[in-house]
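> For reference, the chains in residue letters:
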Amino acid sequence: MNGLREDGHLTDLALEYALAGTPLPATAAHLDTCAECTARLAAADDVALPELPGLQMPVQAAVVADAVAQAPEPANRPWVWAVGALAAAAVALIAVPLAMAPQDDGVRVKGAALSLQVYRDEGETSPRLKDGDLVSPGDRLGFRIRNRDRGWLMVLGLDAADDPYLCYPQNEGGRAVETDASPRPRPLPEAIRMDDTPGTETLVAVLCDRPFAFEAMAERVRADDLPEGCAIDELTLEKR
Amino acid sequence: MTTAAPTLDLNVLYREHGRLVLRRIRRFYRADQAPDILQEVFARAVEKADTYRGDASPIAWLYGLTTHHCLARLRDEKRRRELLDEVGEVPWTSPVSPSTTESKVFLAELWRTVDPELAQIGVYYYLDGMSQADIGELLGVTGRTVSNRLQQLSDLARDAAGGSP
Chain W
40 MNGLREDGHL
50 TDLALEYALA
60 GTPLPATAAH
70 LDTCAECTAR
80 LAAADDVALP
90 ELPGLQMPVQ
100 AAVVADAVAQ
110 APEPANRPWV
120 WAVGALAAAA
130 VALIAVPLAM
140 APQDDGVRVK
150 GAALSLQVYR
160 DEGETSPRLK
170 DGDLVSPGDR
180 LGFRIRNRDR
190 GWLMVLGLDA
200 ADDPYLCYPQ
210 NEGGRAVETD
220 ASPRPRPLPE
230 AIRMDDTPGT
240 ETLVAVLCDR
250 PFAFEAMAER
260 VRADDLPEGC
270 AIDELTLEKR
Chain A
2 MTTAAPTLDL
12 NVLYREHGRL
22 VLRRIRRFYR
32 ADQAPDILQE
42 VFARAVEKAD
52 TYRGDASPIA
62 WLYGLTTHHC
72 LARLRDEKRR
82 RELLDEVGEV
92 PWTSPVSPST
102 TESKVFLAEL
112 WRTVDPELAQ
122 IGVYYYLDGM
132 SQADIGELLG
142 VTGRTVSNRL
152 QQLSDLARDA
162 AGGSP
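Chains W and A supply the protein sequences, listed in that same order.
No gaps in the numbering here: position 157 of the first sequence is 196 in our numbering, and each next residue is one more.
No gaps in the numbering here: position 113 of the second sequence is 114 in our numbering, and each next residue is one more.
The hints are simulated quantities; they were obtained by calculation from the structure and are not laboratory data.
Where is the CB? At the ideal position from N, CA and C, for every residue including glycine.
Among the hints, a few may not be true.
[Said to hold, decoys possible] Not close to chain A: a few residues of chain W, all C-beta gaps over 12 Å, as computed: (1) Ser-175; (2) Gly-177; (3) Ile-184; (4) Arg-187; (5) Asp-188; (6) Ala-200; (7) Tyr-204; (8) Asn-210; (9) Thr-218; (10) Pro-222; (11) Pro-250; (12) Phe-253; (13) Ala-255; (14) Cys-269.
[As the list claims (entries may be wrong)] Now the in silico label distances, taken between C-beta atoms and shown as ranges: (15) A/Arg-76 / W/Ala-220: 45 to 53 Å; (16) A/Thr-146 / W/Glu-45: 13 to 21 Å; (17) A/Arg-113 / W/Ala-68: 32 to 40 Å; (18) A/Asn-149 / W/Ala-252: 54 to 62 Å; (19) A/Ala-57 / W/Asp-46: 24 to 32 Å; (20) A/Asp-77 / W/Glu-161: 32 to 40 Å.
[Stated by the list, open to error] Okay, the calculated bits of chain A under chain W, using three or more residues with CB under 8 Å as the criterion: (21) 19-25; (22) 31-44; (23) 59-67; (24) 124-138.
Bound conformation, chain W alone (with noise of 0.2 Å):
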């Protein structure tokens, strides 16, 4: 099996070879060398397994060591939320400082720039959002990040109606972070509260290889022209 379309790129099948870790090999070198398809590599490794009824512990295993941010005592939580929230017209956000050390949820930076991953607080789970996942007025949702470069990084949010709220950092004056790059996934220590208004939230995740500024970098997002030197990636989520 060659694995390569017309266009050069992979097919979705020899995407699925060398996510096994057995690339065909006529896709090897493609890989190398193609940021495209490389990307798309880290996305689909960014998928969840549910847990499937009727198997047994095994299974139950893998999921949690693959996907799902779980931990018995909310001390060990990927976050630990504040007290009270800072009500914003669109969101309500709240800054949540953080004492806790990295879990190691198995994955690996493939090539992908960024990856942005959602969680939403449930006590003593924080299940990871997925594309499309539902969400509800007052979830708490919390971020983890993996960088392949350093660079300044921000998170931020479109709402049903396309305005921008800003997500990460909070308190950095609307300028975005200077960060470490992060071959795992580490979580963001602040979080978001979702209001009460019903649509589309759509959670955009951007770095970038000098500084930049929310105002700014929101038109730039909802006008979908990045600028040259970040990367980008993002999460929408459904409020009901």
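Dock chain A against chain W, hints included.
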């Protein structure tokens, strides 16, 4: 390619390849629909275990099984829909370009009206962008058979589009 155990262990299969199945399902269904279909596919895998070659990687087998199941399920839905009208692109796929009239006709309507094997070939070719040789290898038929079937599909698409060549 990896070497699989000669028999299917559902736990192992799910643990090692469940995400493959999930990703393939997401090519056809929304994220909120995918977990239920994931269960269906693995139930189907148990039923079809005799079609799995024990000395081969289960990747291609599961990929084909999932594609077949999703197409059959979509075909059975009462509501008419285009093949991808509620899904769009998922982050780990990239559009196969360019979009031809044939591919548009196939994805819009034709996939539902042709026999399941032909629909599967059409999906691999028009949606996944696989080569005829790769399709043949995946389905266990010759490249010539795939070529003939694609010609048949192309003729049907032209007819559906109004007969223009």
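> Hint by hint, note whether the structure agrees.
Here is what the structure says about each hint:
1. Ser-175: Given that every Cβ of chain A is farther than 12 Å from that of W/Ser-175, nearest at about 14 Å, it holds.
2. Gly-177: The claim stands: W/Gly-177 keeps its Cβ more than 12 Å from every Cβ of chain A (closest is about 20 Å).
3. Ile-184: holds, 16 Å
4. Arg-187: With a cut-off of 12 Å, W/Arg-187 remains clear of chain A, as the shortest Cβ separation is near 16 Å.
5. Asp-188: holds, 20 Å
6. Ala-200: At roughly 22 Å from the nearest Cβ of chain A, W/Ala-200 sits farther out than 12 Å, so the non-interface label holds.
7. Tyr-204: The claim holds: W/Tyr-204 sits with its nearest Cβ about 23 Å from chain A, beyond 12 Å.
8. Asn-210: holds, 31 Å
9. Thr-218: holds, 22 Å
10. Pro-222: Fine: 19 Å to the nearest Cβ keeps W/Pro-222 off the interface.
11. Pro-250: holds, 27 Å
12. Phe-253: holds, 25 Å
13. Ala-255: holds, 26 Å
14. Cys-269: holds, 17 Å
15. A/Arg-76 / W/Ala-220: 45 to 53 Å: At 47 Å between Cβs, range holds.
16. A/Thr-146 / W/Glu-45: 13 to 21 Å: Check passed, 20 Å falls within 13 to 21 Å.
17. A/Arg-113 / W/Ala-68: 32 to 40 Å: About 39 Å separates the Cβ atoms of A/Arg-113 and W/Ala-68, which means 32 to 40 Å holds.
18. A/Asn-149 / W/Ala-252: 54 to 62 Å: Since A/Asn-149 and W/Ala-252 have Cβ atoms about 60 Å apart, the given range 54 to 62 Å holds.
19. A/Ala-57 / W/Asp-46: 24 to 32 Å: Because 28 Å falls inside the window, the suggested range holds.
20. A/Asp-77 / W/Glu-161: 32 to 40 Å: holds, 35 Å
21. 19-25: Since three or more residues must qualify, the claim that chain W covers the region 19-25 of chain A holds, with 6 doing so at under 8 Å.
22. 31-44: holds (count 7)
23. 59-67: holds (count 3)
24. 124-138: holds (count 7)
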